[in-house]
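Peer 1: Chain residues, written in single-letter form:
There are 4 protein chains.
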Amino acid sequence: MNFISDNAYGASPEILAALARASDGTAASYGDDAMTAKVAARMSALFEREVACFPVVTGTAANALILATLCPPFGAVLCHEKSHIAVDECAAPEFFTGGAKLVHLEGADAKLTPEAIEQALRGFSSGVHSPKPSVVSITQATELGTLYTPGEIAGLAACAHAHGMKLHMDGARFANAVAARGCAPAELTWKAGVDALSFGATKNGALMAEAAVFFHPDDARDFDYRRKKSGHLISKMRFVSAQWDAYLEDGRWLQTAAHANALAARLAAGLSKIAGVEIAHPVEANAVFAWLPDAMAARLRARGAKFYDWLPSQDGRVMARLVCAFATPEADVGRFLEVAGS
Amino acid sequence: MNFISDNAYGASPEILAALARASDGTAASYGDDAMTAKVAARMSALFEREVACFPVVTGTAANALILATLCPPFGAVLCHEKSHIAVDECAAPEFFTGGAKLVHLEGADAKLTPEAIEQALRGFSSGVHSPKPSVVSITQATELGTLYTPGEIAGLAACAHAHGMKLHMDGARFANAVAARGCAPAELTWKAGVDALSFGATKNGALMAEAAVFFHPDDARDFDYRRKKSGHLISKMRFVSAQWDAYLEDGRWLQTAAHANALAARLAAGLSKIAGVEIAHPVEANAVFAWLPDAMAARLRARGAKFYDWLPSQDGRVMARLVCAFATPEADVGRFLEVAGS
Amino acid sequence: MNFISDNAYGASPEILAALARASDGTAASYGDDAMTAKVAARMSALFEREVACFPVVTGTAANALILATLCPPFGAVLCHEKSHIAVDECAAPEFFTGGAKLVHLEGADAKLTPEAIEQALRGFSSGVHSPKPSVVSITQATELGTLYTPGEIAGLAACAHAHGMKLHMDGARFANAVAARGCAPAELTWKAGVDALSFGATKNGALMAEAAVFFHPDDARDFDYRRKKSGHLISKMRFVSAQWDAYLEDGRWLQTAAHANALAARLAAGLSKIAGVEIAHPVEANAVFAWLPDAMAARLRARGAKFYDWLPSQDGRVMARLVCAFATPEADVGRFLEVAGS
Amino acid sequence: MNFISDNAYGASPEILAALARASDGTAASYGDDAMTAKVAARMSALFEREVACFPVVTGTAANALILATLCPPFGAVLCHEKSHIAVDECAAPEFFTGGAKLVHLEGADAKLTPEAIEQALRGFSSGVHSPKPSVVSITQATELGTLYTPGEIAGLAACAHAHGMKLHMDGARFANAVAARGCAPAELTWKAGVDALSFGATKNGALMAEAAVFFHPDDARDFDYRRKKSGHLISKMRFVSAQWDAYLEDGRWLQTAAHANALAARLAAGLSKIAGVEIAHPVEANAVFAWLPDAMAARLRARGAKFYDWLPSQDGRVMARLVCAFATPEADVGRFLEVAGS
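Chains as they are written, first to last, in the numbering used here: chain A, 38 to 379; chain B, 38 to 379; chain C, 38 to 379; chain D, 38 to 379.
If we strip away everything but chain A, and leave its shape as in the complex, we get (with noise of 0.2 Å):
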């Protein structure tokens, strides 16, 4: 019963039998492969539109890296505070831009509004003496396993642009999201203003897949560069590619993702029929955020569950994360259930 987090399972099997048919006979290093070129096509493909795209091997490398290209050394990233940019990459995002500030906003579910983006704004108006305001990142899904809807992200670009920034997207759930939502990825990304998403496998079925995708390819210029200088250019990229292949073959991460979320609201809907215990955010992608009585959390454990404390205990309950993987078996669920409700 390991809950605790969607890096807690291994890799697909189509995904591992992809590496293994990648590594015959010899290819070009550095991404100068036919393999890498077939997933820039598939990418293109995928969103309606040509963009410019680049695997790495980690979330924090598409996100510093995408950040920094967008976020000049004195600029600021407006972000939630609880997104993962701000509290879970040792400030990579800081270090990648140069110095750049990453500015906090609150809001509900782990979602920025047009209003919070406004307000801080505001504190901007000295000039030199604060760092220029040039990028929102919102996460989709939330780092609290909610999501932003297509209306929702038309207006945080439309604020964003308006105010000379550009929107990036932390798309480490970016499948959850998309299978939740059950709309097209263009819908949930460029068409509705998203300049470059942080596209993650990882969590999803790949053994260490990330890509950086950016919609309008000339703001990538010189990506390449910067995915070098930062040692995140892999030299047998054939490797990494691979796994996007088979990670997108078939719509086989839909499908995966979609396994996730659906043991998320089994498991959401169970638990809201325990006495004492609160769902206390919305479920929405593959991640269930529960307030849960000290004793029954004591007894999850007790008999094998996994699942992080999100906040302390507190009244007696704590709010658990438990997080739904591409592998959770759904037997798991069953027996989170029955022994919480016990």
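What the hints contain is simulated information worked out from the structure, not anything from laboratory work.
Just so you know, not all the hints are guaranteed correct.
Stated by the list, open to error - Quick list of in silico lysine-lysine cross-link-like pairs, PhoX-like style, CA-CA up to 25 Å:
id	chain 1	residue 1	chain 2	residue 2
1	B	343	A	75
2	B	75	B	310
3	A	228	A	75
4	B	75	A	343
5	C	119	A	119
Given the coordinates of chain A, assemble chains B, C and D onto it according to the supplied hints.
Peer 2: Relative to the frame of chain A, chains B, C and D by itself:
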């Protein structure tokens, strides 16, 4: 007949198989897994002392993170003018260190000497107007396929340490060096005074697996922060560690390196008998640098040979770099010699 | 009636005269001159212990260089959300440190508390995923014209040190704090646990003279490299040092600060008697923050008063920042009160 | 007899007087004052076109900020191996740019040639593995007291621009160059293709006053953010601007430079007649580089002469650097020659 780089080949079947095995079940992420612990223990056993070992996925990351750990932002790294860190990493060390200076030194066969270091240091006599000499970095095997002896390394270490500097070894081809020298890894590193090693596996059969190894763990106190901050902490770390585990198992790494070295030796021996060919540097590891008549080079390429022009054509001949890898077919060497000599 | 900033006035005549005297003859450059040595000795005498003192020309340089010295690139600086380093230096600390994170904390009257620090640290429990808490930075006098007591500073220092952090004090208005508290500079700094001070003279009568002061000289071991590397080592340093010499001579710095403090106290006292005015923060140094009715603010400006709207107009009144400086004419205070009360 | 540096002397009386005048009354801070506007207009008039001009207080700041503006973090700056930015600024450009590479080129008399640039660029043929060549930087007058002709500058500019690079001129001794050449400042800069100039006043009579001058203001769009972020925006900016105003007034800057140049010429002429002395580089500005017999150098020092050993003693003689400054007494030259020839 692909001699263009050791990156041109895929991965060892045993390493691919290890990845598939590593995928089973759940595991702690970000390096807190059992496989990563096993590799750490393997490394200490291999080097006959406790080392601090940090798996990463590129040699540039290993080099730049080690240099940033050992060299302050206001420091200088003394290295050969042809070294990978000097000319092939898009100035990654300058970025990771926060602006340290790489001081390029000359030396035959891509090797540094204590004399060159002493001479360079005489230019750093003006206090804070020059950066603070902090690290000497050497490559083993070198970018020209040559080797340092343990005695040469000890001489460089003594020089570095006498001036308060650390000694770093870029071991992207460390396996080839150890296999060629036939001595223990410890003899080529800490016993000779090396403080930190960029230990490569990618070029010798891994998909993407390198490691930063510190022989004095105190030096590495904060390395893990730097790795995370630069996006080089892999979430499903077991997939990097599993490559290392299979690489080091049963001496596989030395067998594959010995294969590559043997082919290079055979290639050099054969070429040296062909009129008009001149071996440019001692062939001590897995690369041959040879002056080939332009016509011969053209003929080889017409017949499918791939190799890199290390120096552009001059006086009717070109300096070719011919790299043999862990998976280079022995027959390719024979065929190359046949075409060259025809 | 210029209350807009302590930067609005020029320089003390004694400091200007000192510059002219310092210009005579030749001197060693880059700080190796006799005047700079004299100032170093003065500083140690002033603080009643050996300190390491580095003159610079801006407060941002002093702050950012000290923070870069005490906080690694992967570190975090805990500071008040209204502090100058947080909002008025274009993220200079992030740049100088190489990407450290400034963690903004709340606190009444722009003051930090040990409780706020302890609470923030609870969010840094996930190892390398968060930057390493390294420095607590406070401002004395604060950006809201308030003061820490020696006991409050000692409490913050104890908290910082217990967590392995250093305590930095931004003393752009340190003179006003010392003059107001009436205690020795040592009491407000190292005796209370402060590790490093940004000591300002510019706002209080110098042309451009600040200093980084380290109370434990070992901490400052490499500060001089950082100062040079950031372009802040002045070639004709005697011209910065001469300002410091004249500033500290005969207690001049405390006399000018006391003048500014007294005017602020008089201004606050007068304003507090005027209907519709509300003093927003305790007036403990040389600045008054007061809510003024919009009409009163407009009338004052129409009559030539200059001041900064700290907060925009709301509910018919605006929060004005009124700063008194070393050279503010006493008559301006009387006239301001007269117009305000008319 | 102080010939050690142009920094050894204080400041011109007229500039000191200007500081005292500038101190009167209140003024807007951070460069929004009337004196700074006046200097901006003076600069445009001086260069016969609209320029963007940013006063700073050190040459290192001017150089590093300009380079960071023109060269991305992943870029390369091509410069002479003896240039100040290469060897005397503690790698400030590497820091300000965020890790760009300075590529050191050889060239007689500290001067670059288009040939040297073309040859260096041939080493940058491997795409992102090398940093992107972005700026050529030259020094006028050079670190060896020599000058570029307008034609030489035009040749370098043509070469730089043809490769998509900008041309920067380090003009710490620009006054000496203009005075020596006797042509308009525009002829030595933008008319010859220079994009940005570090314009120095400190060495030639100011206390601390330099300026970054961009001849195409668009290039400088965000320079002001970088200046603030690096702590180089002076709060009481009028005190820097007043130095510039007095410096440029009535051609004072060219008179003082001409004085220094004339003394250097006289010194060189005298030395060249003394047996055993050899002038090492053409004396075209205010510095003389001369080989002096060791005994002569010792005798001069015993009699109070101060100068810098540019190269250490070899074969019984030392290369002395003898710098004449705006305030060097003419009698000192005579006395130096007398002692040297005795």
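Peer 1: Do the alpha carbons of residue 343 of chain B and residue 75 of chain A lie within 25 Å of each other, as the hint requires?
Peer 2: holds (23 Å)
Peer 1: Please verify whether residue 228 of chain A and residue 75 of chain A have alpha carbons no more than 25 Å apart.
Peer 2: holds (24 Å)
Peer 1: Between residue 75 of chain B and residue 343 of chain A, does the CA-CA distance stay at or below 25 Å?
Peer 2: holds (23 Å)
Peer 1: For residue 75 of chain B and residue 310 of chain B, compute the direct alpha-carbon distance and say whether it is at most 25 Å.
Peer 2: Not OK: residue 75 of chain B and residue 310 of chain B at ~48 Å, beyond 25 Å, violated.
Peer 1: Given the proposed pairing of residue 119 of chain C with residue 119 of chain A, does the C-alpha separation stay at or below 25 Å?
Peer 2: holds (20 Å)
Checked against the numbered hints given earlier, this structure breaks only hint 2.
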